[in-house]
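In order, the protein sequence lines correspond to chains A and B. So that you can map any letter, position 48 of the first sequence is 48 in this note's numbering, and since no number is skipped, the others follow by simple counting. So that you can map any letter, position 175 of the second sequence is 175 in this note's numbering, and since no number is skipped, the others follow by simple counting.
Keep in mind that the hints were calculated from the coordinates and are not lab data. Don't take each hint at face value.
The list treats identical chains as one, so a pair stands whether inside a single copy or across any two.
As the list claims (entries may be wrong) - Distance condition first, Cα-Cα at most 25 Å in a straight line; then the derived SDA-like pairs of lysine to any residue:
1) K220 <-> Q112
2) K182 <-> I193
3) K182 <-> G91
4) K28 <-> D109
5) K182 <-> L170
6) K182 <-> G92
7) K182 <-> R200
8) K182 <-> N89
9) K182 <-> D75
10) K182 <-> T70
11) K182 <-> R76
12) K182 <-> R158
So the chains spell out like this:
2 protein chains.
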Amino acid sequence: MPKRVAVVENILNANDRMAQVNRLRLDKSGVLAINLMASPGAGKTSLIEQTLPLLVSRMRIAVVDGDLATSLDADRATAAGAHAAIQINTGGNCHLDAVMLGGALEQLDLPQFDLLIVENVGNLVCPASFALGTHLSVLVASIPEGDDKPHKYPGMYRGVDVLIINKIDLLPYIDFRMDFFKQGVEILNPGVITFPLSCRTMEGLQAWVDWLVEKVRVFKSRASETQT
Amino acid sequence: MPKRVAVVENILNANDRMAQVNRLRLDKSGVLAINLMASPGAGKTSLIEQTLPLLVSRMRIAVVDGDLATSLDADRATAAGAHAAIQINTGGNCHLDAVMLGGALEQLDLPQFDLLIVENVGNLVCPASFALGTHLSVLVASIPEGDDKPHKYPGMYRGVDVLIINKIDLLPYIDFRMDFFKQGVEILNPGVITFPLSCRTMEGLQAWVDWLVEKVRVFKSRASETQT
Chain A
1 MPKRVAVVEN ILNANDRMAQ VNRLRLDKSG VLAINLMASP GAGKTSLIEQ
51 TLPLLVSRMR IAVVDGDLAT SLDADRATAA GAHAAIQINT GGNCHLDAVM
101 LGGALEQLDL PQFDLLIVEN VGNLVCPASF ALGTHLSVLV ASIPEGDDKP
151 HKYPGMYRGV DVLIINKIDL LPYIDFRMDF FKQGVEILNP GVITFPLSCR
201 TMEGLQAWVD WLVEKVRVFK SRASETQT
Chain B
1 MPKRVAVVEN ILNANDRMAQ VNRLRLDKSG VLAINLMASP GAGKTSLIEQ
51 TLPLLVSRMR IAVVDGDLAT SLDADRATAA GAHAAIQINT GGNCHLDAVM
101 LGGALEQLDL PQFDLLIVEN VGNLVCPASF ALGTHLSVLV ASIPEGDDKP
151 HKYPGMYRGV DVLIINKIDL LPYIDFRMDF FKQGVEILNP GVITFPLSCR
201 TMEGLQAWVD WLVEKVRVFK SRASETQT
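Bound-form chain A, shown alone:
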């Protein structure tokens, strides 16, 4: 194969290879990692804030927050009880990549943790293209964004393992056709696990938390089987 093609392939695959390195480190340490993605303001940070208090007595949790400029999100994760919170400032970059996450993992004593929540930059486009090495991709959609979003951001909706539909408390005040939204999702990502909830009223939150606890339990038991 000509040398030049190999070089181009290496560049293209650099992120994926680093993502594999991250995955291996997480697996070895028995940490289940989720990549939390959403449009700006859909409620990623609120979800972390409301989920953590229901989890911190049952498992040890680290949060990595990607943001353009501030450390507001890591501060909120710490206040919500995260056992560790690291802020990645992307310096204007529109997504996290595997190298950025790798740098954050360096700062964590991974075997101490059971769950790592990575909060990506608020963006429905670019984060979908950059694998981080996490085990699960979770998309937080929200009612006020409108029911046409699966149709308009297919790359994001197609690639996620879990779909959270946040701000259901606003349904009475917004023209949101849940059937139309779910049809759009179904075409792109049939059977995707879905949790409608409200981080404001807490409605529906327990189902998501229970699911996450079970996921961590199964992951840890498999990890310990592999090691014995």
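Since the structure of chain A is provided, determine the placement of chain B on it from the hints.
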């Protein structure tokens, strides 16, 4: 200056140079162009839908819609009375650039129009870095996104000429501190023209429409002065 530096500079400036070409074409045709940017679901398309019926009897309007995949937005602009609507499918790209807009301008008989509204891809990061050659940048923020967004997306808030705060009808149902939001805006973009409104109830919409009509009037009278 070494040749290599010049090459790098040319690549970096390619978008800006194409933006200048677009601007010249728009100026020569007497078309005021606005670049409408927002987070997904903040209400760019709804704003176009509600604004157009109030304008179409007074001026001729073209709409260029940037989207990842569908033509839903151009269809809605046409239904709202746009005299022309062109859809740019970015094929997954997270922003419009000046070359894409240039291609759309080719398809329009520009001197026929007074106003061009360019609806960018829903994204609070990348579109801020790509000049299109438009005269005004308008950001549509929305109440459900939360009051911390200026702090978290400074590049976007810093660079716009007009800020629309949409969905104010949802203020009673959401914890949104308008003072905190406006403080964030003021630090980044002091004195930016701001229109709080609701595309759902039409509250506040007339002020925005009146401002836009006046902008087009001044622009057209200057353009005709330059030509005489």
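Starting from the hint list further up, note which numbers the structure goes against and sort them upward. none
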